[in-house]
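Student: Spelled out, the chains give:
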Amino acid sequence: MTAVIAVPSSLDDLTFESVLEQLANHPADAKVIVDARHSTFATPYGLTALLTLAQTRGEKAEFLPPENPDTVSYWARAGFFRYAEELFDVRGHVPRPRSSGESDVLLEMTPVTKSDDVHGVVERIQERAASILLNKLHLESRATMGFAMTLSEACQNIVEHAGRGGWVMVQAYNYRKRLGGRFVVVIAVCDAGVGFRSSLESGQRRPLSDRWDDAVALEAAVVNGVSRYGDPGRGQGLKGIRGYVHRWEGKFSVRSGTARIALIPSWEDDVPRRENLAYFPGAQLQITIPEKVSAVA
Amino acid sequence: MTRIDVGSVLRHSANLPFSDLVTRPTGAAVRRCIQTELAALSEGDVALLDFSQIGMMDYSCADEVVAKLLIALSGQGSHAGYIVFHGITDAHLEAIEVVLDHHGLALVVQFADGGARLVGAVTDEERSIWETVYAQGSAAADDRTAEPAPNAADRARILESLLQRRLLRHNGVAYAPLGPVQ
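If you read the protein sequences in the order shown, they are chains A and B. Counting in this note's numbering, the first sequence runs from 1 upward without gaps. Counting in this note's numbering, the second sequence runs from 1001 upward without gaps.
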């Protein structure tokens, strides 16, 4: 029997968990229909995670696109269907993406599989990111370089560790849910690769402790800078991301396997550590940089 | 002084049409090319590593290009040449300072006007003595004009440490800056 997986009307990093919970009872080779007809909003995390979800299915899943014309148009502009049509059996008509001129999609859905892809991403993002960070987020000019570095390191996590390709997307939008309409820039980098726990195990870099699970692996890598490589220079990428996010009062979350840890700023009421989540392979990173408060007041 | 254009090395070694130093494989390829050029230097020569044509640099590349280069150079003892970094901007410094701090390394940055600065993991005393040597153009271990003035033994130890870290070089029995002096 084909299971129907309902995509929430508002799809973000937290509501995506409901998609994974629905999928948990269905093996990878089971036929499923991913029903996004009633979705009206999706963050970059939601869209990139949907593509990685498709990668994990042995049996190609059907996909029902959003019915709302604005939503489906946005998903098309974000480049979602360009890849979804390869990974899902997409039902119905989806619009062709059209250049919309001024757009808050700083980087549409972009595949990352090799080092050259990271060069391309960094090259494309810099000018537009500088404009958004300075004019909409009112950050200092040095935030621009740090942003490109953060993006680069987040993408390299796929190239260096995932063992398969993933996607990156960057967007600026009004964050009404938490910040009362302040602007944020969000980076989402998702893959369905080996994940942090297996990566550390493959390099025999598991910390010496009684407990070993996805949460401990995430803490070792993201908080303590442990890498699967013995090279003492490794682990600085995630450390650098943490430093950048902290400096600009942003939020950084990483999900892998059955756990998720997050660096939580004062404006957010999320929890720093979630465990026993529905299993999802690979690593899913989200970085949120908010508009500077003093500029809003 | 030999000049190595890192932008040119990036274009040729990694065969990429970009100006940003990002990713570890790119950094490793660039470092290997620089090391080949450095190997051709005579003992005690100074190479000017010019980053003027480089846009931004991420942490991974800074670790591969800058930190590993300095570590390899320090492992070669007195037979190796010296490096002065040029064309360094704020776009590079953020990543460079992080990796230098991580490894306990330091380097000399020379600016277009000829002024120089020590960047990385150094103590206040090391920086002060290094700046004195740069200002004077040369200094002996028993020179007491430096401020702050540690005792002779400490001063000699610090000068020798700066020499070992390839932040100063010998000029006869005295210690000298790596590059031209203002």
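Bear in mind the hints are in silico, worked out from the structure with no lab data behind them. None of these values were measured; they are calculated from a predicted model. Check before you lean on any hint, since a few could be wrong.
Claimed, not checked - Straight-line C-alpha distance at most 16 Å; calculated EDC-like pairs for lysine to aspartate or glutamate: (1) A:K31 x A:D89; (2) A:K239 x B:E1097; (3) A:K60 x A:D89; (4) A:K31 x A:D70; (5) A:K239 x B:D1101; (6) A:K31 x A:E62.
Stated by the list, open to error - DEER-style ranges, computed between Cβ atoms: (7) A:G230 x B:Q1035: 29 to 35 Å; (8) B:A1039 x A:A24: 36 to 42 Å; (9) B:A1039 x A:E201: 36 to 42 Å.
Heads up, the beta-carbon is just placed ideally off N, CA and C, and yes, glycines get one too.
Student: Work down the list of hints and note, for each, if the structure agrees.
Tutor: Status of the hints after comparison with the structure:
no.	hint	result
1	A:K31 x A:D89	holds (11 Å)
2	A:K239 x B:E1097	holds (13 Å)
3	A:K60 x A:D89	holds (7 Å)
4	A:K31 x A:D70	violated (29 Å)
5	A:K239 x B:D1101	holds (13 Å)
6	A:K31 x A:E62	holds (8 Å)
7	A:G230 x B:Q1035: 29 to 35 Å	violated (21 Å)
8	B:A1039 x A:A24: 36 to 42 Å	violated (57 Å)
9	B:A1039 x A:E201: 36 to 42 Å	holds (38 Å)
Checked against the numbered hints given earlier, the structure breaks hints 4, 7 and 8 and satisfies all the rest.
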